[in-house]
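Working from the sequences, and respecting the hints, build out all of it.
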Amino acid sequence: MTRILYFGMLAERTGAAQETLDTTPTTVAALRDALLLRHPSLQELSFRFAVDQQLADEDTTIAPGAEVALLPPFAGG
Amino acid sequence: MDRYARQIVLPQVGAEGQARLAAARVLVVGAGGLGCPVLHYLAAAGVGHLCIVDGDQVDVTNLHRQLLYGTADVGKGKAATAAHRLREQGFDCAFEVVGEHLRAHNARELIAHHDVVVDCTDDLFTRYLINDACVQLGKPFVHGSLHRFAGQVAVFNHAGGPTYRCAFPQEPGQGQVPSCAEAGVLGVVPGVVGTLQATEVLKLLLGNGGLVNDGILLVDLLTQEHRRMKVRRDAQQEAKARLRDIDADAAHEAVCASGGTGMAPQELQQRMDRGEHWQLLDVRQADETPRIAALEGHRIPLDQLEQRAQELEPALPTLVYCTSGVRSRKAAQMLQRLGFATVRSLNGGVHAWPMREPEPVLSTARNESA
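Taken in order, these protein sequences are the chains called A and B. If you read the first sequence in my numbering, its first letter stands for residue 1, the second for the next number, and so on. If you read the second sequence in my numbering, its first letter stands for residue 1, the second for the next number, and so on.
Worth flagging that the hints you see were computed from the coordinates, not collected in a lab. Because the structure is a prediction, the values reported are computed rather than measured. Treat the hints with caution; some may be incorrect.
To be verified - Partner residues are not named here, just some residues of chain B that face chain A (Cβ under 10 Å, in silico):
| no. | residue |
| --- | --- |
| 1 | R85 |
| 2 | D122 |
| 3 | L146 |
| 4 | Q152 |
| 5 | Q170 |
| 6 | V177 |
| 7 | V185 |
| 8 | G187 |
| 9 | V188 |
| 10 | D220 |
Claimed, not checked - Label pairs and their in silico Cβ distance ranges:
| no. | chain 1 | residue 1 | chain 2 | residue 2 | range |
| --- | --- | --- | --- | --- | --- |
| 11 | A | A29 | B | A248 | 30 to 40 Å |
| 12 | B | D245 | A | D22 | 42 to 52 Å |
| 13 | B | G209 | A | T27 | 30 to 40 Å |
Beta carbons: idealized from backbone N, C-alpha and C, even for Gly.
Below you can see the structure in the form of structure tokens.
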């Protein structure tokens, strides 16, 4: 199980601030593919993955039970 | 020094810390939702020199969150008005007013003369410019930004910590990330985020306390869940900032300016009267009024322009307009980057279009600034 958190505009696109995935892709790249299939509207947005509150790269591994967050830049000021 | 007695008594401040604040020079870029609380608290704390950079005017839609301004200030320049209001309060602070936006032509000069930069802008283009100039000049900058009820705060480029590009390497297209005007904002949100920025600036100047210089503090004021996301410094992204040719960007800005990205309504009227054919583009949202019959043409809101630009003919001279000329200027710059031959933005927007219209209605005026 992986807990996914969506921030900013991403939460508005997915319609939820968080969701739980039963199957856990083991890398950020694999998780990205799975989430884009699930939420195609995220495709056009710019964002970073954070795994256990550390910004991650495509090849970062995701341990079972990890908390994954999708963080976009904010523009407002 | 009685004025500062309640903070000098703090072990983290003391007389020495107060002297550091008095000697400090801080550049505040943007005097909007974030800039107002930043300026107010830094001035009150005794920061000796504050430079206020903002080229916008106060709009009535700013007043619910930009608390340095009142009803009587609508239409006045923000930087000068903020300095005036703060001077009235008798702070021991020298205020410098720069009534224009931070751009490639003035960024390095302004940043070089200050100890810390506070990023209170509302557009990503300026944010990457601040980042890159700060990396080149070795200056820290305290970032703040928001989306609806959520905010991000970080001290970038300080003590070996990450830069903004390390967090967000991919520069998003203009309009891909909504501003406050587009997304909406509750007034207290920039108040909280700006106050957090001011806190980080003061701790940075005092050399005391733990700074958010190893990542991003993410505050969600709707749920009151706050998180710290760690960010690693990325040598490649730092190099990208270091190698950016800001002078070349400034030269490009000058070309755009002399090519006249702006056009006065009278000039447009004369050109159309002469029979020139201009492709007209309204970049306001679909529900915004007034509609001007003489300017009817394409309608593509700014936030969709990048995706829908192919609906337009790039070879035709194109005139872009919005409510006041702010969004259309951004749109014109975007179209120029996309290779449109001639693009001009209507100065003052539909507000400035009085000609031959029965009623230049000023309803539903929107504002694009912070």
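Quick rundown of the hints versus the structure:
| no. | hint | in the structure |
| --- | --- | --- |
| 1 | R85 | violated, 19 Å |
| 2 | D122 | holds, 4 Å |
| 3 | L146 | holds, 4 Å |
| 4 | Q152 | holds, 5 Å |
| 5 | Q170 | holds, 5 Å |
| 6 | V177 | holds, 4 Å |
| 7 | V185 | holds, 6 Å |
| 8 | G187 | violated, 12 Å |
| 9 | V188 | violated, 14 Å |
| 10 | D220 | holds, 8 Å |
| 11 | A:A29 with B:A248: 30 to 40 Å | holds, 35 Å |
| 12 | B:D245 with A:D22: 42 to 52 Å | holds, 49 Å |
| 13 | B:G209 with A:T27: 30 to 40 Å | holds, 37 Å |
Checked against the numbered hints above, the structure violates hints 1, 8 and 9; every other hint is satisfied.
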